[in-house]
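Going down the list, the sequences are from chains Z and C.
For the first sequence, position 86 matches number 86 in the UniProt record's numbering, and the numbering has no gaps at all.
For the second sequence, position 37 matches number 37 in the UniProt record's numbering, and the numbering has no gaps at all.
Bear in mind the hints are in silico, worked out from the structure with no lab data behind them.
The beta carbon of each residue, even a glycine, is placed where N, CA and C say it ideally should be.
Careful: at least some of the hints might be erroneous.
Here are some, though not all, of the chain Z residues that point toward chain C, as calculated from beta-carbon distances under 8 Å [to be verified]:
{"no.": "1", "residue": "Asn93"}
{"no.": "2", "residue": "His97"}
{"no.": "3", "residue": "Arg101"}
{"no.": "4", "residue": "Lys114"}
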Amino acid sequence: MTMSKVPSIQARLRLAYDQFDLDVDLNLPASGVTVLFGHSGSGKTTLLRCIAGLERPKEGFLKIGATLWQDSDSDFFLPTHQRNLAYVFQEANLFPHLSVRGNLDYAVRRLRAKDRVFSLEQAIELLAIAPLLDRLPARLSGGERQRVAIARALAASPDVLLMDEPLASLDEQRKQDILPYLTGLHQNLQIPILYVTHSLQEVNQLADHLLVMAAGKALACGPLAETLTRLDGPMALDRQAASVWQGKLISHEAEYHLSHAEFAGGSLSLPYMDMPVGSSVRIRIYARDVSITLQPPEASSILNILPAGVLALSEMGQGQTVVQLAVGDEVLLAHITQKSAMLLGVQPGMAVYVQIKGTSIVR
Amino acid sequence: MLNAADLDTLFLTFRVASLATLLLLLLGTPLAWKLARSRSRWKGVINSVVALPLVLPPTVLGFYLLVLMGPAGVVGKFTLWLGIGTLPFSFGGLVVASVLYSLPFVVQPLQNAFVAVGEAPLEAAATLGAGPLDRFFSVALPLAKPGFLTAGVLGFTHTVGEFGVVLMVGGNIPDKTRVVSVQIYNHVEALEYGQAHWLAGGLLIFSFLVLLLLYNSQQTQTLTQSLK
Chain Z
1 MTMSKVPSIQ ARLRLAYDQF DLDVDLNLPA SGVTVLFGHS GSGKTTLLRC IAGLERPKEG
61 FLKIGATLWQ DSDSDFFLPT HQRNLAYVFQ EANLFPHLSV RGNLDYAVRR LRAKDRVFSL
121 EQAIELLAIA PLLDRLPARL SGGERQRVAI ARALAASPDV LLMDEPLASL DEQRKQDILP
181 YLTGLHQNLQ IPILYVTHSL QEVNQLADHL LVMAAGKALA CGPLAETLTR LDGPMALDRQ
241 AASVWQGKLI SHEAEYHLSH AEFAGGSLSL PYMDMPVGSS VRIRIYARDV SITLQPPEAS
301 SILNILPAGV LALSEMGQGQ TVVQLAVGDE VLLAHITQKS AMLLGVQPGM AVYVQIKGTS
361 IVR
Chain C
1 MLNAADLDTL FLTFRVASLA TLLLLLLGTP LAWKLARSRS RWKGVINSVV ALPLVLPPTV
61 LGFYLLVLMG PAGVVGKFTL WLGIGTLPFS FGGLVVASVL YSLPFVVQPL QNAFVAVGEA
121 PLEAAATLGA GPLDRFFSVA LPLAKPGFLT AGVLGFTHTV GEFGVVLMVG GNIPDKTRVV
181 SVQIYNHVEA LEYGQAHWLA GGLLIFSFLV LLLLYNSQQT QTLTQSLK
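Model the full assembly from the supplied sequences, consistent with the hints where possible.
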């Protein structure tokens, strides 16, 4: 499935700014989590605010499904409160004069949708905030506040959920507390989520689709696995470059503290995880943890060795080469030295073996 | 002790100050809201006009009001045309003058309170479906509540305490425009110090108690902050 086939969120926006000009022409998918990724100042938050109508770009065309939100050619601009969206801000931005329940009711009383896709009870349950309902926001911890903000957004029954770095103001422990709720959203919500972050960890964990931004422009946009491994994209050349595979848990080998999972690229041994067989898992394989051999090694301490075909390679500078490999139906990246690439004679079309030194489960 | 005339002035003062405060809050709230959110270059001009009574001698304000509201002034001609006579030396004129004189004491605390509310909760309200008017009443107003208390108390007490403008615009007519501050002046002129003490002391204690109440109700904010 490529993104261009589901042109559900169409956004052509231009906005002059101090440091950069936002200038994008995007088709984002109708479902799943699209992560807007980039460094601070790349324009990702500005883009989200334009979609929400909190900024008004001079030139803009914005259509969500069949609903037009902005068309500067005909001077049409739907104000924020008439757009059926919900927005989770970086600082939870709860109304300090209302209790948690009051904050939720505020959204419910102003429902714009004719049909509720999400009930208040569901929102309260999904974010586990029932014990907090009578408290004022000032009496909540940062993590609790953000959970209430997410529940309030869901209670608005939006057509699209916009999230602007909802974890950025939380410490590592709180982030880990909230991430399961976010992946839960993902499984329970039919509506598209646009999620702004500068954290690769959140990209790997949450994204179905990825939009990479820099200096107000979209550098790459597409399904996560594809966008991460595109050699002409910015992600594959990064030192933290990784491939993300989605698969299913098939067995445990408790005595070695291992679990086995099946992927479109083959089966892998993973560090043991306490999940039932059949659960879906998502793993991240850093490109620097992948090495290439021409023959299958007869004896190796590395458990995960798979046959692969070289698709393409590209020099990264500083003596490094990135190799894009087909492993079964998955794509895998390997960072190797330029010298190794030369000695092995790596070239597109070549059959090789990959040794995967480490994997981590992100979800 | 207070005599009947003194009690009349007290009652009149209370009526003027209550009505003026009510009008000030009604007029001051939209004005303060606009000023708090405007980025127009006229903002400085309007802010300065509103603040003028803080620095002008009350007699200057009183003088111009007298001229404007008199039978030859623009306002005076208009009120004559309306058939309600002219405003100087009447209860209505006193209220109008008080409203103008106390305007900064109401607008500035409100304006600061609205600025302190900030853009963030209003944006959150907009994303949840609240229109501009809804946002004002459901978010801005409740969050600016401490500012309203300050504005109301300052507007009322300041109106009670005015003298110069009142004397210029209202004169010294018993039961119509003779307020407490003017009555104290009358007593002192007539060397009735005992009577003057009763009224002056009463005003002193009243003002002190009101300010004490205000400070105790919002310990984090000082009046000078809200009158920045």
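Against the structure, the hints:
1. Hint status for Asn93 of chain Z relative to chain C: holds, with the closest Cβ pair at about 4 Å, below 8 Å.
2. Because the smallest distance between the Cβ of His97 of chain Z and any Cβ of chain C comes to about 5 Å, under 8 Å, the interface hint for this residue holds.
3. The criterion of a C-beta within 8 Å of any C-beta in chain C is not met by Arg101 of chain Z, whose closest approach is roughly 15 Å, and the hint is violated.
4. Interface hint at Lys114 of chain Z: violated, since its Cβ lies 13 Å from the closest Cβ of chain C, which is beyond the 8 Å cut-off.
Against the hints set out earlier in the document, violations occur for numbers 3 and 4.
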